[in-house]
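Peer 1: The primary structure of each chain is shown beneath.
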Amino acid sequence: MNLYDQIGANRRRTILLFIFTFLAIIVLGYVFGFYFEDPYLGATGAFIFSFAYSGAAYFFSDRIVLAISGAKPIEKKDHPLLFRTVENLCIGAGLPVPKIYIVEEPALNAFAAGRDPQHSVVAVTRGLLENLEDEELEGVVAHELSHVRNYDIRVMTLAAVLAGSLVMISDIFLRSTRYSGSSRGGRGRGSGAGVLLLIGVLLAILAPLIAQLIKLAISRQREYLADSSGALLTRYPEGLARALEKIAADKTPLRHVSEATAHLYIKNPLTAGFFGNLFSTHPPIEERIRRLRQA
Amino acid sequence: MNLTYFILGAVILIGLFLLWLYNSLVRSKARVEEAWSHIDVQLKRRIDLIPNLVETVKGYAKHEKGIFENVTKARSAMLGAKTVKESEEADNMLTGALKTIFAVAENYPDLKASVNFKELQDELADTENKISYARQFYNGNVRDFNILIKSFPNVLLASALGFKEAEFFEAKEGEREKPEVKFS
Numbered sequence: 238m239n240l241y242d243q244i245g246a247n248r249r250r251t252i253l254l255f256i257f258t259f260l261a262i263i264v265l266g267y268v269f270g271f272y273f274e275d276p277y278l279g280a281t282g283a284f285i286f287s288f289a290y291s292g293a294a295y296f297f298s299d300r301i302v303l304a305i306s307g308a309k310p311i312e313k314k315d316h317p318l319l320f321r322t323v324e325n326l327c328i329g330a331g332l333p334v335p336k337i338y339i340v341e342e343p344a345l346n347a348f349a350a351g352r353d354p355q356h357s358v359v360a361v362t363r364g365l366l367e368n369l370e371d372e373e374l375e376g377v378v379a380h381e382l383s384h385v386r387n388y389d390i391r392v393m394t395l396a397a398v399l400a401g402s403l404v405m406i407s408d409i410f411l412r413s414t415r416y417s418g419s420s421r422g423g424r425g426r427g428s429g430a431g432v433l434l435l436i437g438v439l440l441a442i443l444a445p446l447i448a449q450l451i452k453l454a455i456s457r458q459r460e461y462l463a464d465s466s467g468a469l470l471t472r473y474p475e476g477l478a479r480a481l482e483k484i485a486a487d488k489t490p491l492r493h494v495s496e497a498t499a500h501l502y503i504k505n506p507l508t509a510g511f512f513g514n515l516f517s518t519h520p521p522i523e524e525r526i527r528r529l530r531q532a
Numbered sequence: 002m003n004l005t006y007f008i009l010g011a012v013i014l015i016g017l018f019l020l021w022l023y024n025s026l027v028r029s030k031a032r033v034e035e036a037w038s039h040i041d042v043q044l045k046r047r048i049d050l051i052p053n054l055v056e057t058v059k060g061y062a063k064h065e066k067g068i069f070e071n072v073t074k075a076r077s078a079m080l081g082a083k084t085v086k087e088s089e090e091a092d093n094m095l096t097g098a099l100k101t102i103f104a105v106a107e108n109y110p111d112l113k114a115s116v117n118f119k120e121l122q123d124e125l126a127d128t129e130n131k132i133s134y135a136r137q138f139y140n141g142n143v144r145d146f147n148i149l150i151k152s153f154p155n156v157l158l159a160s161a162l163g164f165k166e167a168e169f170f171e172a173k174e175g176e177r178e179k180p181e182v183k184f185s
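Just so you know, the protein sequences line up as chains A and B, in that order.
Numbers given in the working numbering equal positions in the first sequence, counted from 1, plus 237.
Numbers given in the working numbering equal positions in the second sequence, counted from 1, plus 1.
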């Protein structure tokens, strides 16, 4: 698969993602509305909400993600080495220089976000800057820039924001059922409503899982791709391989992260429990290192 | 009658194909030119640093006249370069001349310690890194373009329209590893 196929595939995924989220929000709105005895109002509300939300997600997703991560923009004088590394690799990849951010946390991690190369950001943690050698940092930045060049960032950033919205809506739904379940329980209701309520609860529980699955489909393979095209850019796979070793060895947790943004990072910042493994957005780091060294 | 339609259809299809082919040739060529402009920016930046460097070194090492000549020569060769080949030669000459300057600077501790000199050295090292990345991007585009115009049936249209193979911008042997000037 070459670069242009990949960009095409990413565009299709972006559209699918929008359609899926759109439908999911409307269905949730309908069920939600049914519960309050006006399903059409719910659906219409959700429809309008979806439009506004998708638009906002498309144009502001990078800012939303940056706000969640707690990253701060830097200028050249704040960290000349990082700046030059990004500049040089952008020249090599033929990309405009993205906005550069630092996350003031000791954990070792990095991410890229945005809607296209002209509106992209690359963020690295302070811990990464302090612990990596120059060539290793170069490897990590090249990996992130590959995400930018492939338009991975658009799908991934949108997935973060749109999946985040599903999680949020179903959360509201679950809370309101619990709340009103006790206060309105006295009013007699048909069994039809009961069934719909069940579906609603089911949807509310399933939505985050579905959102997880989308992200899974989106990002596992692309981590390998970004690793290899990043290595092609620096002409030095060992740099990224060693960086990944250090990143894997680091157990410092990242403080500003949520389920919705986890897949953006070079290493999954959430500690893997049972669900962490089942819905893991990242291939195992050992496998990535092995593939880099094999080349 | 049927045959006429058939021929008409075939002509339209071929016409569309040629149109598409022509556009992809033009696009690819534009990519090569754009990539070249990235190199050009860095080459310019590099030669802009030269007079400053010469002045600084002269301040400490007046009698080392020989070393400046080569740098100046390389610089004017670079300014006069018209083709990729000429730029490439001038660039390699400049790299060699700069190496001599930095080697000579070794003998002048005051020069080595001067802030100005250190800054220039950093700037030059950075520019050389950027040149090598720009070269990587440019050569990649040249390769794509050359493959495009040489493969069949593109080659028929490309040669008829006078598309010529683009030239690679190559570094001298052994320069590809990090062009870093180390002192100490």
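Some hints could be false.
Computed list of lysine-lysine pairs in BS3-like fashion (alpha-carbon distance at most 30 Å, straight line) [claimed, not checked]:
1. B/LYS113 with A/LYS314
2. B/LYS59 with B/LYS151
3. B/LYS165 with A/LYS336
4. A/LYS313 with B/LYS165
5. B/LYS30 with B/LYS66
6. A/LYS314 with B/LYS119
7. B/LYS63 with B/LYS83
Computed footprint of chain A on chain B, listed as stretches where at least three residues anywhere in the stretch have a Cβ under 8 Å from a Cβ of chain A [what the hints assert, rightly or not]:
8. 85-98
9. 122-134
In short, the hints are calculated from the structure, not lab data.
Glycine included, each C-beta is placed from N, C-alpha and C at the ideal position.
Peer 1: None of the hints should be skipped; say for each whether it holds.
Peer 2: Structure-based check of all given hints:
1. B/LYS113 with A/LYS314: holds, 23 Å
2. B/LYS59 with B/LYS151: violated, 51 Å
3. B/LYS165 with A/LYS336: violated, 38 Å
4. A/LYS313 with B/LYS165: Outside the cut-off at roughly 41 Å; violated.
5. B/LYS30 with B/LYS66: violated, 44 Å
6. A/LYS314 with B/LYS119: holds, 17 Å
7. B/LYS63 with B/LYS83: violated, 33 Å
8. 85-98: violated (count 0)
9. 122-134: holds (count 4)
Taken one by one, the earlier hints fail for this structure at numbers 2, 3, 4, 5, 7 and 8, listed in ascending order.
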